[in-house]
Amino acid sequence: GPKVLQIPSHQIIDMGQMVTLNCDPVSNHLYFYWYKQILGQQMEFLVNFYNGKVMEKSKLFKDQFSVERPDGSYFTLKIQPTALEDSAVYFCASSWGLGRAETLYFGSGTRLTVL
Amino acid sequence: GDSVTQTEGPVTVSESESLIINCTYSATSIAYPNLFWYVRYPGEGLQLLLKVITAGQKGSSRGFEATYNKETTSFHLQKASVQESDSAVYYCALGDRNNAGAKLTFGGGTRLTVRP
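These protein sequence lines map, in sequence, to chains A and B. Read in the working numbering, the first sequence has 20 at position 20, and its numbers run on one by one without any break. Read in the working numbering, the second sequence has 1057 at position 57, and its numbers run on one by one without any break.
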C-alpha cells in the first residue's frame, strides 16, 4: 500500500539546538499532519497543513515549531530551539483529503531525544 | 473536547481465543464522527485496520469487526479467533466526516500479545 517515509528514525540533539524532521508523504496526497507521542502517553495531534498553509494546530504546537513543504518535496517539522519536553516520537501522516472518511497514512515515526 | 478511551493494555490471549478491545468516544465538537481502528505491528508504522462512517454500521477486516454504536458511543473491536500474527498495538480513533483533512483523536492504544 501507500507508504509515508520518515527520515531519520532516531535523532539525538542537545537542548537549544535546532532540529528538522523530514517526511516523504504519499505522492498524490494533499493534506499533511504531524502527531507527537511522548513515551507512555497518547498520540496527539500537532498540526495539519494544506496548500502551503497550516489549517489547524493544537496547543502542543509551540511557537518554536514550524512546518513547511517547499516545492512539493519533504514535509518538514522544525523545532528551534529544542527543549527537553520535546523528546517524543513524531509521526508524520498524509491523506488525499477529498473523501468522506479520510484514511490517514502514517510513517513509522522519528524518535527525538533532547539531551 | 473530543476524546477516545480504550481498553488499557497489555492484553494477552492464546491463539484461537476470542478478543474484544473496548473503545468509547466523546465527540463534543464533531456533528458526524468517523470511527477508525488503526494497528501498529512491531517495527512498522500505523496502518488503517477498519473504518466506519455511519452509525449502526459494522466494519470488518482481517477477521476483525467493529460496530459504530451511537447510543452507547462505542466502537469495540472484536475477533472470534486470534492468531499469533495479530500481536500488535491497536488504536481507536475519532475523525470528522464533514471536515476534509481534519485531525484524528486517538485512544491510548492497547498492546495485544497472542500466545502460540
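Derived by calculation from the structure, the hints in this document are not laboratory data. These figures come from a predicted structure and were not determined experimentally. Backbone N, C-alpha and C fix where the C-beta goes; we use that ideal spot for every residue, glycine too. Incorrect hints may appear among the rest.
To be verified - The calculated DSS-like cross-link candidates involving lysine-lysine, where the alpha carbons are at most 27 Å apart (straight line), are:
1. 1058/B / 57/A
2. 1070/B / 1051/B
3. 78/A / 59/A
4. 78/A / 3/A
5. 1070/B / 3/A
6. 57/A / 3/A
What the hints assert, rightly or not - Which stretches of chain B does chain A cover? Using the computed rule of at least three CB atoms under 8 Å from a CB of chain A, they are:
7. 1017–1027
8. 1037–1051
9. 1063–1073
As the list claims (entries may be wrong) - Have a look at the derived ranges for each label pair, beta carbon to beta carbon:
10. 30/A / 1003/B: 21 to 29 Å
11. 14/A / 1070/B: 31 to 39 Å
12. 68/A / 1048/B: 38 to 46 Å
Here is what the structure says about each hint:
no. : hint                      : result
1   : 1058/B / 57/A             : violated, 32 Å
2   : 1070/B / 1051/B           : holds, 15 Å
3   : 78/A / 59/A               : holds, 16 Å
4   : 78/A / 3/A                : holds, 22 Å
5   : 1070/B / 3/A              : violated, 33 Å
6   : 57/A / 3/A                : holds, 24 Å
7   : 1017–1027                 : violated (count 0)
8   : 1037–1051                 : holds (count 8)
9   : 1063–1073                 : violated (count 0)
10  : 30/A / 1003/B: 21 to 29 Å : holds, 27 Å
11  : 14/A / 1070/B: 31 to 39 Å : violated, 50 Å
12  : 68/A / 1048/B: 38 to 46 Å : violated, 27 Å
The earlier numbered hints that this structure contradicts are 1, 5, 7, 9, 11, 12.
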